[in-house]
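The lines below spell out each chain.
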Amino acid sequence: MIEWLRKVGADVIDNLAGIGYALAMLTGAIIGRPTPKKSFPLFVHQLYVLGVLSLLIIIVSGLFIGMVLGLQGYTILVDYGAEQSLGPMVALSLLRELGPVVTGLLFAGRAGSALTAEIGLMRATEQLSSLEMMAVDPLRRVVAPRFWAGFFSMPLLALIFSAVGIYGGYLVGSGWLGVDEGAFWSVMQSSVDWYDDLLNGIIKSIVFAFVVTWIALYKGYTATPTSAGISSATTSTVVTASLTILGLDFILTALMFGG
Amino acid sequence: MESRKTQIWVGIFVVLGVLALSFIALRAASGNTATSGETYTLYAKFDNIGSLKERSPVKVGGVVVGRVSNISLSGEYYEPKVEMKISAEYDQFSETSSLSVLTSGLLGEQYLGLQPGFIDDTVGMLEDGDSISDTKSALVLEQLIGQFLFSQGND
Amino acid sequence: MSNFVELNNIHFAHGTRSIYEGLSLTVPKGKVVAVMGPSGIGKTTLLKLIGGQLKPSSGSIKVAGAEVPKLARKPLYELRKQMSMLFQSGALFTDMSVFDNVAFPLREHTQLTESLIRSIVIMKLEAVGLRGARDLMPAELSGGMARRAALARAIALDPELIMYDEPFAGQDPISMGVIVKLIKSLNDSLGLTSIVVTHDVDEVLSIADYAYIIAEKRVVAEGEPKQLLKDDTAIVKQFLHGEADGPVAFHYSDDDFAEDLLGGRQ
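Residue numbers (this note's numbering), protein chains in the order written: chain A, 1 to 259; chain B, 260 to 414; chain C, 415 to 680.
Since the hints were derived computationally from the structure, they do not count as laboratory data.
Predicted model, so just to flag it, every value in this text is computed and none were measured.
Hints are supplied without guarantee of correctness; some may be wrong.
No more than 30 Å apart at the CA atoms, straight line, and that leaves these computed lysine-lysine pairs for BS3-like [what the hints assert, rightly or not]:
{"#": "1", "chain 1": "A", "residue 1": "K38", "chain 2": "C", "residue 2": "K488"}
{"#": "2", "chain 1": "A", "residue 1": "K38", "chain 2": "B", "residue 2": "K312"}
{"#": "3", "chain 1": "A", "residue 1": "K38", "chain 2": "C", "residue 2": "K495"}
{"#": "4", "chain 1": "C", "residue 1": "K598", "chain 2": "C", "residue 2": "K640"}
{"#": "5", "chain 1": "B", "residue 1": "K264", "chain 2": "B", "residue 2": "K395"}
{"#": "6", "chain 1": "C", "residue 1": "K484", "chain 2": "C", "residue 2": "K443"}
{"#": "7", "chain 1": "C", "residue 1": "K644", "chain 2": "A", "residue 2": "K38"}
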């Protein structure tokens, strides 16, 4: 019994220490004198790596998810003679939930794992140590531009995902299943609200961007510098980030739409 | 040069993001909910509000002019009391206006239909905090059917 | 002659495993100092202590007169500009070409124009014989070339002190010879101070001005190479001549073998 308590205690202490270290890492990376001339090109390069290289998977999945929503929604709604509501159904599910959440999950798998592996490898090959010995702070040089790029690109990806998804829903609903085109858009427009739906969705994706990038960087930075360590850190990034996204999504949804 | 290609792609990425945002903002969503701009508040009491909810629209001839902002029970007899936020743009409703709980389509959402009253020198305009007294309650299907059967039986 | 690096009575532990107990050594300015010892006694740790990446639990580390463990972040980063370290793996940045790797410290710490940086980089690459490899990526280099490229990067800012972490490990005889020569000639021509941490005795003793042997968590022998080779302390002899039996145990310390076999430890 006492041994069990000791284990619980040790786990809690370990976790708290981990969170503390992650916080320290984050503040070390994002606070401090910015040097725009040097860091902006780094930021742009990371936007390319994290944002542009994720575009394809985001656009393709957005299109397919939108099309599936159109198809499924139609078959359900047509039973009630309410196929006019297909537009808002597709748009609301994408903007409020699927856009931020699926983008977050895909981003964790596509960009987050790559971030962790890259930084973990930099640690394993002593590149981070070597930066430090060259009097260059790896937190500002390596972690900060990646953090900001992730933070910035994920909401954009989520918007692109939702837009493509809505278009996919339109293609299926209007082009294939024959929902009136005018009704599709106008009913959507009258029931989707800038503040309630669009803005809340964007806030969600910003929160997810923050969490995913942070987890990925932290896992990479603290990875055990061996091949097994890096592979487990990469897995752990995807698992932790995905679960955190889903958990936070529930909390955010409850806060935004629940009360 | 590698960095030039990178910059072009990042440019495309950001432009795509902005396009997506404007597409959603302009094509898919709208802010014409009358609750985003300036509003004023009106109250009304009903016998039965049916399935009216917060955020249900208030319409004049099908045009949304405001939204229900709160529903509560008030007074000794626990009458349903509805608070509405009406867009400040439409501030010329006379005190004789009437309000009814209507349904869009057979199975649709319920909303408040505002019927503007006549205007002459003897009646004032509705202002912030005023109540609309002329209200018609929601039709409850069961009661309707009951009345119908009852009247049939009387024949 | 002043000492560039002074370590006095250092105690250091990784978690619960004690690495150093009362280690002291000095590195005179302008000399090549070898630090030798069997594998796994924390020679890299020693260099990280000097570089301020790790802090000792007690003892003093002075580099260029500054007490390294007590330095605040900013002066520490200033001090690090005067030293550089050649990592065992080279630690080249894998996403940049050789040229950009060497140019990296210059671009980070100086305001030089790009054409001046180019001239310096070409000079440094010429010094290590890799001028022709400037456009290659680190992945395209052989181990020896990667280490020489890293060396070019290490001397890019003309540091006062270079620390070599196992520069000879895993090299073929030719590139080993090249690196030995490079360390010596860089030291003499640029007036550097060098610390070479290694277990390759013959190579390092041929160029070192002074040598330390570390074992059992502290310095067990020191002196000029000639003196050390004549030293007949058991541990020095064992290490310098590579004998399997001696004071340094072949086995990682554990319970008694016979007892363990008979199930002494569960």
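So, going through the hints one by one against the coordinates:
1. A/K38 <-> C/K488: Satisfied, since the Cα-Cα distance of roughly 19 Å is no more than 30 Å.
2. A/K38 <-> B/K312: violated (55 Å)
3. A/K38 <-> C/K495: holds (18 Å)
4. C/K598 <-> C/K640: holds (17 Å)
5. B/K264 <-> B/K395: violated (66 Å)
6. C/K484 <-> C/K443: Holds, because 22 Å separates the two Cα atoms, which is no more than 30 Å.
7. C/K644 <-> A/K38: Violated, at about 55 Å.
Hint compliance for this structure: hints 2, 5 and 7 are not met, and every other hint is.
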